[in-house]
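Participant: Sequence:
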Amino acid sequence: MGLCGSLSLVTVDRDAHSQPCNTQQQQQQQQQQQQQQQQQQQQQQQQQQQQQQQQQQQQQQQQQQQQQQQQQQQQQQQQQQQQQQQQQVALAVRG
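Letter by letter, the sequence shown follows residues 1 to 95 of the numbering used here.
All the pointers check out, no bait thrown in.
DEER-style ranges, computed between Cβ atoms:
(1) Q48 - Q26: 29 to 35 Å
(2) A90 - Q62: 41 to 47 Å
(3) Q51 - Q74: 32 to 38 Å
(4) Q36 - Q72: 51 to 57 Å
(5) Q88 - Q53: 50 to 56 Å
The set of hints was computed from the structure by calculation and includes no laboratory data. Backbone N, C-alpha and C define an ideal beta-carbon position, used for all residues, glycine too.
Whenever a hint applies, use it, and build me the whole structure from the sequences.
Facilitator: Shown next, in the form of structure tokens:
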């Protein structure tokens, strides 16, 4: 009877010792999960930054296109002015 009692006490002690080990493992897993979440968040932020950069590039391209259009308009205006001057010269010669 004495041996059985001592054995049961030993098993209880073993259970008590094994619990903190389990809790440590759980904590480590939680930390790993948190780290993974942080990494995912960082990746998302990087993606957002890339998207913003792309948008900025698109805006710059649009601005460049607008500038080109303005330049073309200016060139057209210059051509019109030249044509008017030529007409005036022709009239003067005839007169």
